[in-house]
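> Given next are the chains, with one letter for each unit.
Number of protein chains: 2
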Amino acid sequence: MKNIKYVGFDADDTLWINEPFFRDTEKDFLNIFPELDSKILFDELNDTEIRNISIYGYGIKSFVLSMLETASKLSKNLDNDKVNSIINLGKIMLNKPVDLLPGVIEVLEYLSGKYKLFLLTKGDLVDQERKLRKSGLEKYFHYIEIMSEKKTESYLNLFDKTDINPAEFLMIGNSLKSDVVPVIRAGGYGVHIPFHTTWVHEEIDEKDIPERNYYKISNLLDIVTLV
Amino acid sequence: MKNIKYVGFDADDTLWINEPFFRDTEKDFLNIFPELDSKILFDELNDTEIRNISIYGYGIKSFVLSMLETASKLSKNLDNDKVNSIINLGKIMLNKPVDLLPGVIEVLEYLSGKYKLFLLTKGDLVDQERKLRKSGLEKYFHYIEIMSEKKTESYLNLFDKTDINPAEFLMIGNSLKSDVVPVIRAGGYGVHIPFHTTWVHEEIDEKDIPERNYYKISNLLDIVTLV
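Residue numbers (the numbering used here), protein chains in the order written: chain Y, 1 to 227; chain F, 1001 to 1227.
Chain Y with its partners taken away, still in its complex shape (with noise of 0.2 Å):
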């Protein structure tokens, strides 16, 4: 691939650790209330944060929000303390340390002297930059975006403005609904590299993946050899 000069990088469990934050959260969550069906409460919940995603769009503070209205939809007898604890919960997710995943130290030190790297993710503008900043990751990126979307539309957008030729930009994540898909629509190259905790509302099916310009890799390193 010697015509790329431009490599862009999700970060939420591409870089670092972030969905299994969620997953334990959710199991803390139905503790708070153990007299109702976990199950029940649980699809509430995901059904909660689908339909509130256009309004708040993606992060913690929406999580929070959607766990409080679940609560106060499902449980016969919410109080003070109940209310407290969910808020709690989005506290501790919003003073989690950043736990790099293997790999990403390497190769973002040697990606960054070949190539111009850029950060893109979706998220809340306030908890991803503080993330950044914990994670040390900063300097390795010529270009940092934190984008309330990740379409096709939102990456046709980024070319225009930062004056990039698609057949130049690869990006990697771990998300083919966000990483992977809209960036080989909108001319450019893509990798997936596979977490191993995915939110239901990121799955793709297969049969929805381009055929040209699509990698699949199962360690980050390996990008390395591929571009």
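Just so you know, the hints here were simulated from the structure itself, not pulled from any lab data. No residue lacks a Cβ here, since even glycine has one placed at the ideal position from N, Cα and C. Be aware that one or more of the hints could be misleading.
Result set (DSS-like, lysine-lysine): computed pairs, CA atoms no more than 30 Å apart in a straight line [as the list claims (entries may be wrong)]:
#, chain 1, residue 1, chain 2, residue 2
1, Y, Lys139, F, Lys1177
2, Y, Lys216, Y, Lys151
3, F, Lys1151, Y, Lys96
4, F, Lys1076, Y, Lys27
5, F, Lys1076, Y, Lys91
Reference excerpt, derived from the structure (chain Y facing chain F, CB under 10 Å, subset only) [what the hints assert, rightly or not]:
#, residue
6, Ser72
7, Asp79
8, Gly123
9, Glu211
10, Leu220
Assemble chain F onto chain Y, guided by the hints.
Same frame as chain Y, but now just chain F:
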């Protein structure tokens, strides 16, 4: 000011109405708890908001979470209905129409032909994008950024990454603290256009305003004569 090439605009309460919605919602929040002393409740809400800025940032979701935290601290009998009412206050805010302030279209129409216009706004990513879309003002701006903070360093970063000479940049906004003083400190020009309602956290001591490169106007149309 013939050296000016770039004109930056704040959005909330500079281009469209924002702060009064927060003030109205605070009243609605106090009304949910008629048994509580409204002064104590109001002060606690404000303290909670300020305390939470570092982890939550600005915007409606942060405000709703701070209302819920305040309620869980001061109310003796928080229940499902009250939690729901607070969550709904946020959803109502997130669905408000965008009311442009007087002169906005004329000024942007005129200036966009002569300068590169920047929109620099603080707050929540998804919510600011929603307002921008609803406002119909996107087309006037060369560059749009939703920032987590607007400090001197934030403007220096912006000038750096966009290759702008600060002496060619003029910023207009209703907050001395976020839109005017830090821009002047970063080497640009600052124009203050006061709005009738300012959040106490955005207020600043008059003596902290730099003497040079500071202007104040009371009608947005006057910016045309100024530049």
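> Any of the earlier hints contradicted here, and which numbers?
Violated hints: 9, 10; rest satisfied.
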